[in-house]
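Protein chains in written order, with this note's numbering: chain A, 1 to 291; chain D, 1 to 313; chain V, 1 to 527.
Any given hint could be a false lead.
For each label pair, taking beta carbons as the anchor points, the in silico distance ranges come out as [what the hints assert, rightly or not]:
1. A157/A with Q402/V: 22 to 30 Å
2. L19/D with R138/V: 28 to 36 Å
3. E355/V with E125/A: 58 to 66 Å
Partial chain V-side listing against chain D, Cβ under 8 Å, derived [stated by the list, open to error]:
4. Y89
5. I91
6. L160
7. K161
8. A416
9. E417
Because the hints were derived from the structure by calculation, they are not lab data.
Values in this document were obtained by computation on a predicted structure and should not be read as measured data.
Here a beta-carbon is modelled for each residue, glycine too, at the ideal position from N, C-alpha and C.
Spelled out, the chains give:
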Amino acid sequence: MPDIGVALSTIVSGVLLGGMLALTALGLSIVLGVMRLVNLAHGDFVVVGAYVGLFFLKFTGVDPLLGLPVIALIVAALAIPLYRFLLAPLAERGPEAQMMTMFAVAIILENAFVLGFSADTRSIERDYATLPLTLGPVTVPLIYVIGFAIAVALILAVHWLISRTRFGRDLRASAADAQAAATLGIDVKRVQMLTFGLGAACAGVGGTLIGAAFQFGPSSGAAYLLNSLAIVVLGGLGNVLGTLFGGVTLGFLQSVGGLTLGDGYRDLVGMALFLLVLAFRPDGFLARRRS
Amino acid sequence: MKTSSGLAEVGVLLAAFVLLWFAPSFAGDYGLQIAFRVLIYLTLAESWNLLAGSTGLVSLGTSCFVGLGAYVAFGLMNAFDVPLPLGLACCAVAGGALAALVSPALFRLRGLYFTVGTLALAELLRLIMVNVSAFGGASGIFLQKDPPPLPVLFHYALVVALIASLAITACARSRISVILRAVRDDEDAAAQMGVRPYRTKLGAFILSSALVAIAGGVQATKLGAIEPYGMFGLQWSIDVLSMVIIGGVGLRLGPLVGALFVVALGEALADYPEAHVAIAGVILIVLIRFAPRGVVGFVENLAPFTQKKRVAA
Amino acid sequence: MNASGAPLLEASGLVKRYGGLVAINEVDLELHPGTITGVIGPNGAGKSTLIGLIGGAIPATQGSIRLNGRDISRLAASERARAGIGRTYQIPRPFLDMTVEENLEVAQYSIAPFINATLAREERDALLARTGLSDAARLPARALPLLRRKRLEVARALALKPRIVLLDEVGAGLVDSEITELITLIRSVADPNTAIVIVEHVLRVVRECCSRSIVLNFGTKLIEGPTAEVFANDEVAAVYLGTGGDRELGAASGTSTEAEAEASVHLESPAAERRVMSPLIATRSESSGGAPLLELKGICASYGQARVLKGIDLTIREGEAIAILGANGAGKTTLARTISGAIAPTSGVLRIAGEDVAGQPPHRIAELGIAHCMEGRRIFPTLSVKENLLIAARNASASACQERLDSVYDLFPVLAERKDHSGTSMSGGQQQMLAIGRALMARPRLVIFDEISLGLAPVVMDKLYEALMVLKQAGMTLIVIEQDVDRALALADHAYVLEHGVFGLSGKPREIAADPRLRHIYIGTAD
């Protein structure tokens with residue numbers, strides 16, 4: 001058993017990472033809610049976000065955390081044509097065709113990353129990223145705390161957007177009953193397109209944060225996708241704040257799993273949790289408290 | 001009519017089997033290698049089609065059962081010196097048992113989560129193999145005894161492919177086919193006819209998984225050494241999906257056409273692995289959009305006089 | 001009628017609740033072998049729910065069902081089918097890509113997987129001959145027209161060799177001669193060992209087939225008895241035609257119409273109505289150059305594979321209120337959905353203020369000022385009452401939204417009280433008010449009200465129609481689609497009766513109400 005300080009630090013780090021993953025999971029969740037689409041390329045959108053952050057820093061010299069709004073827009077702008085030209089024409093054909101298309105997009109992206117950026121593992125390197133932050137027995141890198149804070153702020157912002165704005169109202173109505181929403185005057189395709197863009201932006205921003213705090217490679221997407229799915233299922237579909245809860249829970253359990261069983265078991269905990277929740281609480285742990 | 005066409009199909013399959021049995025005597029080593037891969041792929045695609053065609057469930061978990069078969073076969077052969085045929089039979093049992101075990105989680109929400117559930121399951125198994133040293137850890141395990149020579153393995157692959165094809169024929173041409181199609185088309189209406197949808201889907205999932213696990217065992221024996229990243233890799237699922245979409249989902253000849261196409265594409269682009277997969281992705285997108293019934297469906301549409309044979313699908 | 005001996009099926013205290021809505025409330029039922037029982041009642045009375053509860057498609061909230069003394073309450077639909085309960089669906093659900101014969105095989109092979117092939121074929125052939133489908137055995141079910149699909153539904157249910165046969169609205173959407181064929185079929189199905197239940201809107205089927213009948217209203221059993229007695233009962237006629245229950249059909253005189261209009265006006269004058277309601281009613285446009293607000297010419301539309309509308313001509317000018325009546329399955333809702341763009345017409349002209357809009361998406365048609373208060377209310381459960389209202393106020397400024405909200409709250413004060421609660425937390429009647437208010441929030445030029453009285457108590461309906469009358473007084477253009485003849489006619493300037501996808505009857509409400517053909521279309525008493 002490692003000493004208590006290391007253990008606590010690991011757990012806090014896990015929770016902070018979970019918060020960042022929750023942001024990417026949120027993107028997956030709103031697309032699933034509105035379009036009934038499990039976006040199998042979502043993990044690769046996260047990787048796109050990390051690469052965009054990396055090159056943003058390289059070419060502009062501006063800190064990617066300051067450039068997050070621009071990065072979000074870039075990733076959304078890359079995703080919207082995918083909706084417009086690949087997904088929208090398949091709208092009448094049921095969710096499988098769209099899901100398979102996004103699967104194909106995922107494998108194209110993954111291999112395009114290797115071809116374009118090599119198979120190297122990278123990280124968005126900033127001086128402050130390695131600075132330690134100590135609070136009592138707990139020591140975590142500063143960037144984890146910054147990343148977590150930004151992720152939570154953005155999750156709250158998306159929560160506000162969905163629960164308080166006109167667009168959010170349209171989004172929730174389209175998710176609940178697309179046909180009725182259209183009859184009441186909502187341009188459902190437009191809502192879906194913007195939702196898809198918003199989902200990608202969440203993935204992109206999450207990717208930049210994760211890229212700054214950790215390492216990423218061209219094939220990291222699958223792991224992000226699966227972790228995001230685990231979080232969505234934990235938090236409950238369509239529950240924005242539940243997603244944050246799911247992320248933090250997953251991060252916590254992963255660190256505990258890593259501490260007690262060995263580091264290699266971190267991801268295993270996530271997958272096992274995902275399947276267990278599907279089997280026993282398919283509506284998520286917070287099914288009662290819908291936002 | 002139904003029975004006679006089913007018997008004719010069995011006849012064609014057996015004739016092809018007998019003909020191919022003698023392939024090792026005239027095909028060269030390269031040809032045999034390719035033929036072996038086509039047969040393994042054919043088995044995987046037939047199994048996938050069996051599941052999707054009879055239940056409408058889209059699986060991304062092929063790699064999960066390929067890997068399971070590989071590890072079960074190696075484990076039994078190394079630890080207990082089990083003969084290969086018995087080892088492969090155990091692969092089938094293990095594949096079916098795992099399918100039965102995870103079905104309560106995967107069949108939730110009528111398939112929305114099935115696809116991602118199978119994906120997660122493959123990842124879960126891979127992580128277990130990586131982390132548990134008894135399973136060889138990240139570096140994997142070697143087959144301690146010498147694997148049989150290629151011609152023998154080819155015969156194994158041929159038998160497995162025949163079993164998978166016969167299973168599809170049985171499901172498509174017998175009484176089972178109406179039950180399977182009923183469940184796929186309208187579960188509620190089928191239940192009102194006395195069909196038990198859950199059991200039917202579970203049966204198809206178990207059969208399909210068992211077949212994939214056997215194929216995994218044969219493939220692993222040929223490799224002689226396995227490691228978790230390769231055997232549980234997403235590549236299997238990508239290849240299977242490519243095959244069935246290129247060939248035509250649920251079409252009788254789809255898996256064969258798809259397997260030939262994917263193996264040929266792999267050979268042509270063997271030196272450019274990334275480009276190969278990316279091109280496969282583009283082909284998938286184009287086919288899903290413009291030829292949802294794949295190459296076989298496309299040809300059928302061009303030639304309306306060819307009799308349309310839809311599988312259990 | 002074989003009421004003696006043990007019942008084949010015995011249901012007691014059946015209850016089905018959907019959230020706060022009670023679809024079936026404490027219904028008892030006994031079925032004896034060799035009987036045919038009719039279940040009738042207005043739309044939304046819970047008839048199809050009852051079939052679902054017995055067949056197992058819908059789990060009961062409370063109550064028990066026994067088949068031959070065995071408790072089957074907890075069994076899944078498939079097990080009940082195996083135990084001998086066969087049902088048909090109101091809208092046929094054959095396996096479309098299978099042949100007719102294969103559709104029967106599903107039932108045969110599921111209950112007896114190893115049945116001898118020759119025997120199975122003989123049974124199928126006999127069933128197909130009995131249901132008049134012999135010539136279609138090898139055709140895909142997709143190729144069958146509606147009547148033959150209904151026959152296939154019956155054949156499939158019979159292939160289970162059931163003890164209980166549940167027939168759900170087999171007559172809906174069929175023409176008279178087809179119904180005659182169907183009645184012959186049902187009679188041929190009856191045998192001394194089987195009990196048949198017919199849930200039916202086409203009362204002729206019930207009258208001619210059933211020895212006993214049950215009338216459901218608001219989920220409870222109103223009357224049960226020999227069919228002739230049930231049909232002679234005044235209360236039953238009232239339930240069917242005028243939910244108020246105080247007037248006979250066809251006696252809706254001009255004076256009573258005016259009296260009702262008088263009663264519902266709760267403001268001083270039409271001018272006052274117009275002032276209060278003005279935020280909700282679009283100003284009349286002069287720009288359309290005298291073109292009618294809505295114009296349909298030869299509109300045809302299909303729902304799934306079924307051709308539902310077969311050439312509809314309709315012209316509505318600003319300020320008019322029209323009623324569209326017709327029995328279940330006549331195509332009323334399809335017509336509403338075609339106008340609002342949810343269904344694209346297969347042919348014909350659809351103009352809004354002169355602009356051809358056929359094939360336009362629904363949100364474009366909403367933009368042009370057509371609001372559609374949808375059948376089944378379609379309240380968004382994840383939105384609050386206020387949000388449900390605001391959703392329809394597209395592109396309106398915050399102050400305009402507030403004005404419209406105030407007007408809706410003025411019309412339905414209960415919505416103001418519940419404005420922050422979930423839209424579906426309210427009772428059925430309140431949800432209907434919300435649906436009406438939501439349609440008005442668009443400040444439409446025309447509103448289609450589709451079956452707003454469905455499943456509601458008469459006093460709630462009174463309130464809703466009072467509100468509609470207020471809107472009419474204020475100058476709103478209205479299309480009211482109703483099964484409740486009296487209420488719709490009391491409101492409308494002009495009425496159309498839809499029968500099998502065309503207008504079979506049209507005219508002034510007074511003429512329509514007095515026309516014996518109306519009663520014939522609805523109840524078919526004119527034998």
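Quick rundown of the hints versus the structure:
Our hint of 22 to 30 Å for A157/A and Q402/V holds, since their Cβ atoms are close to 26 Å apart. The hinted window of 28 to 36 Å between L19/D and R138/V holds, with their beta carbons roughly 35 Å apart. A C-beta distance of roughly 60 Å is found between E355/V and E125/A, which places it inside the suggested range of 58 to 66 Å. Hint status for Y89/V relative to chain D: holds, with the closest Cβ pair at about 7 Å, below 8 Å.
A cut of 8 Å between beta carbons decides the hint on I91/V: the least distance to chain D is about 11 Å, and the hint is violated. Annotation: L160/V was flagged as interfacial toward chain D, and the flag holds, the nearest CB pair being 6 Å apart, inside 8 Å. Taking 8 Å as the C-beta contact cut-off toward chain D, the hint placing K161/V at the interface is violated, the least distance being around 10 Å. Because the smallest distance between the Cβ of A416/V and any Cβ of chain D comes to about 38 Å, over 8 Å, the interface hint for this residue is violated.
Annotation: E417/V was flagged as interfacial toward chain D, and the flag is violated, the nearest CB pair being 36 Å apart, outside 8 Å.
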